[in-house]
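Chemist: Listed below, chain by chain, are the residues.
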Amino acid sequence: MNAVNHLATSTLPGDAAPTPNSPNQRLEGPVAMPTATSSSVVPESDDGSAGMEIRKLSAWYGPRQALRDITLDVPGHQVMAIIGPSGCGKSTLIRCLNRMHEVTHGATVRGEVILDGRNMYDPSVDPVALRRIVGMVFQRPNPFPTMSIYDNVVAGLRLGGKVGRGSMDEIVERSLRRAALWDEVRDKLKEGGASLSGGQQQRLCIARALAVEPEALLMDEPCSALDPIATLRIEELIRMLRDEVTIVIVTHNMQQAARVSDRTAFMLAGEERIGELIEVGVTKEIFTNPHDERTEDYITGRFG
Amino acid sequence: MATQTISLGKRASSIERELSSIDRRRRIMDLTMRGLCSLAALLGAGALFLLVIHVVVNGVAALSIPLFTEMPAPIGTPGGGMAHAFVGSIIIVGLACLWGIPAGLLAGIYLADYQTPRLGGFVRFTADVLTGIPSIVFGIFGYILVVTRFGGFSGLAAAFTLGVITLPIVARTTEETLRLVPHELREAALALGVRRWRVVLSIVLPTARAGLITGAMLALARAAGETAPLIFTTLGNNFWNVDPTRPMAAVTLTIFQYAIWPYKNLHEQAWAASLILLLVVLLINLTVRLAARSAPSR
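Going line by line, the protein sequences match chains A and B.
Mapping of the first sequence onto this note's numbering: residues 1 to 304, in sequence order.
Mapping of the second sequence onto this note's numbering: residues 1 to 298, in sequence order.
The following block holds chain B by itself, in its conformation from the complex:
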């Protein structure tokens, strides 16, 4: 009994010593890690801050009404705008979302509410892979599938390709949002003798509304900012064209073209257009936040 107490006491003191040394090590480790994380966070935020400042400073100077209302001036002469590019972007992105978002929504509903494990797993995997594919690959895909077969470069080819990019994004965000809707709500509706599609339509989708809007808007922002796929599909156009079966201009494409031409005037317009793109994306994100906040809470 006595020896036991002694050995216990001994062990206790050695434990104490060990504890304090471990404790010091841990504290240093903790501080180091916290410092590293903070630094990384600052770097990320700093980079974004620098980018925004740069675009704003350069863009504001060239921002003008004619930018939106006028066609390009003859190369080398001052003035002019890129009305054709803004209209082209709106048409292409609009058409892309018109099919990409509904298709993605349906695919997401399938994944969340109807899937069989095997096909569902396959579709989910495919969507994840698609989300990670570099956009230039989508451009080549659109080029081979649409441009070479259906009458050459066109706004439609671009809209198709951008839709393919938005589809998996919308599908996955939709699935994740719908999975957050409590299973009990689905059961409650099913137990009332409501058919499954009606449960999805009238109970699940309205409950998940905010998340669905978020997914669609983020996909829209992504589509609006793409450049590489457009090079291969709509090519660009220096003239006014609202016919989507022919090559169209787009803001991102025009920025790209103007940036590599050696004219200061065009560079300034490219900066201004970049600022507009930035604002559009910012606006979309703000809308998403507002939509998420005004959503009925559960």
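With the rest of the complex left out, here is chain A:
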């Protein structure tokens, strides 16, 4: 644990000063969240804290609209949870944040997502380069089956042509430590990734994503295919990584959102099953004192 934290602070010295990171400060954020967009107290991306500003984002699959006018600030170096019932567009939203949405055939986006002062949907932005800055972990663990654990971790660097800091061996160890997997696999780095358990595979995928040193990490229901113990370990990991990278996590599991996130956004499919943002705020606030009736209904289990 200590080693990981030490590594974490030493790898990203730049963010220590501007961003308040201790748990107490985090929960001191804005107590009242009148509207979905007012998050002015939280540091914005102009200080290099890798926050994201989503501006009037709409998304389509072919002719079918999946998101309508989402405006949401994702503060840097915090954990933002996106919750909502099935089909509310939360996975679509997260996939818009590293332009993976457009990988699906016929999928289109309108609106802006501003990262470090730049709209990632600007024509001059190369989506491939963007995805090295905003990494992603998927619902099902998906290590590359033909590669060893070692090769999986450095796959992004090798195949992406990005030059990492230090030697490959160092990167592998650092990434696996950050993903809290090093001690379990240090003796079998040459073995296939498929030989690991589901939870280990998911942490391997997290290590793989961290190896390219992203500023933000998107997690699309990363625990839904895992057992409770493995889920717990991933959640611990998310809390540890919060200091180093901005995390956006989509989850079905409200307890999970409450446990790991600093802020929570609640989405709902509105008319014509188009996903909309209902409410966003400090997680504690959302779960104890939601402003919108629909949020309260969902959280208290009245639907969804």
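Since the hints were derived computationally from the structure, they do not count as laboratory data.
Please note that a few of the clues may not be correct.
Cβ-Cβ distance ranges computed for the label pairs, FRET-style [claimed, not checked]: (1) G106/A - T245/B: 47 to 53 Å; (2) S224/A - P117/B: 28 to 34 Å; (3) R179/B - G198/A: 20 to 26 Å; (4) S148/A - L98/B: 44 to 50 Å; (5) E184/A - L98/B: 46 to 52 Å; (6) K188/A - L145/B: 54 to 60 Å; (7) V129/B - R186/A: 51 to 57 Å; (8) G106/A - V56/B: 43 to 49 Å.
Here are a few chain A residues that sit away from chain B, every Cβ distance over 10 Å (derived from the structure) [claimed, not checked]: (9) G87; (10) D122; (11) M168; (12) E173; (13) S197; (14) E271; (15) E276; (16) D297; (17) I299.
Take a look, some chain A residues computed to stay more than 10 Å from chain B by CB distance [as the list claims (entries may be wrong)]: (18) N98; (19) F138; (20) G156.
Predicted model, so just to flag it, every value in this text is computed and none were measured.
Built from N, CA and C at the ideal position, the CB exists for glycine as well.
On the provided structure of chain A, position chain B as indicated by the hints.
Modeler: What follows is chain B alone, placed relative to chain A:
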């Protein structure tokens, strides 16, 4: 309430009766169908068995070292071999695979990972039609396109034509194999900031390796066994020739020629060559099975 119960009871008993009669009918039908299917399967396996036995019995007798090392003896005299045909086949099939398999592989990659729906559908349809075209048509195609325009019959014309036959086979097996690679793996790589061609090259192709080898080997077996296209393209040659710009001999062609000549010696050699072809195809299929088994499982 009471009448309802009675009618229900009545219905239940009639249902029961009906069920048992349906049941009997079904059982008879089931047995009949199973019998028919088994018979058909036995017929198919039996035909293959008979063919193999026939070729082996007739071929083994004439199998000899000179068959591979010697040139044909003067017609009517005993002895001799068909070294020129084996070498010719290896050269022609080798050249055919040299361009047919890579082209098919690329076409398959296009279909699985790059296609736009309209052009992709067209290419897929074309490949399917090509796979079903009788091989003699390919022969005429090669004759008109290559032989009549580029200096007559040649091994190259045959290699071109056989390549056209292997291309759609490889393309379709490649596409189907690549489609079996989970989409999540492609997404995982793309999300790491890997370019698409690199995803295909380093993630998709290695994952699908076993299937790709299978497709290529089956296409090779198909090319090695073709006869009709060769008649129109390489013509055949009774002399030693390793220059693919001139007419070449091939095993299948030589079998065909020897079989219609009235000499027992040549018939025996044709049987032996058939046995060799059979063994080659068998060997390819076995290799494919082994490759598929040793593949990393997902």
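Chemist: Taking the hints in turn, state whether each one holds.
Modeler: Verification of the supplied hints:
no.: 1; hint: G106/A - T245/B: 47 to 53 Å; verdict: holds, 50 Å
no.: 2; hint: S224/A - P117/B: 28 to 34 Å; verdict: holds, 31 Å
no.: 3; hint: R179/B - G198/A: 20 to 26 Å; verdict: holds, 25 Å
no.: 4; hint: S148/A - L98/B: 44 to 50 Å; verdict: violated, 33 Å
no.: 5; hint: E184/A - L98/B: 46 to 52 Å; verdict: holds, 47 Å
no.: 6; hint: K188/A - L145/B: 54 to 60 Å; verdict: holds, 56 Å
no.: 7; hint: V129/B - R186/A: 51 to 57 Å; verdict: holds, 55 Å
no.: 8; hint: G106/A - V56/B: 43 to 49 Å; verdict: violated, 56 Å
no.: 9; hint: G87; verdict: holds, 20 Å
no.: 10; hint: D122; verdict: holds, 17 Å
no.: 11; hint: M168; verdict: holds, 15 Å
no.: 12; hint: E173; verdict: holds, 19 Å
no.: 13; hint: S197; verdict: holds, 16 Å
no.: 14; hint: E271; verdict: holds, 30 Å
no.: 15; hint: E276; verdict: holds, 26 Å
no.: 16; hint: D297; verdict: holds, 33 Å
no.: 17; hint: I299; verdict: holds, 30 Å
no.: 18; hint: N98; verdict: violated, 6 Å
no.: 19; hint: F138; verdict: violated, 6 Å
no.: 20; hint: G156; verdict: violated, 3 Å
Violation of the numbered hints given earlier is confined to hints 4, 8, 18, 19 and 20; the remaining hints are satisfied by the structure.
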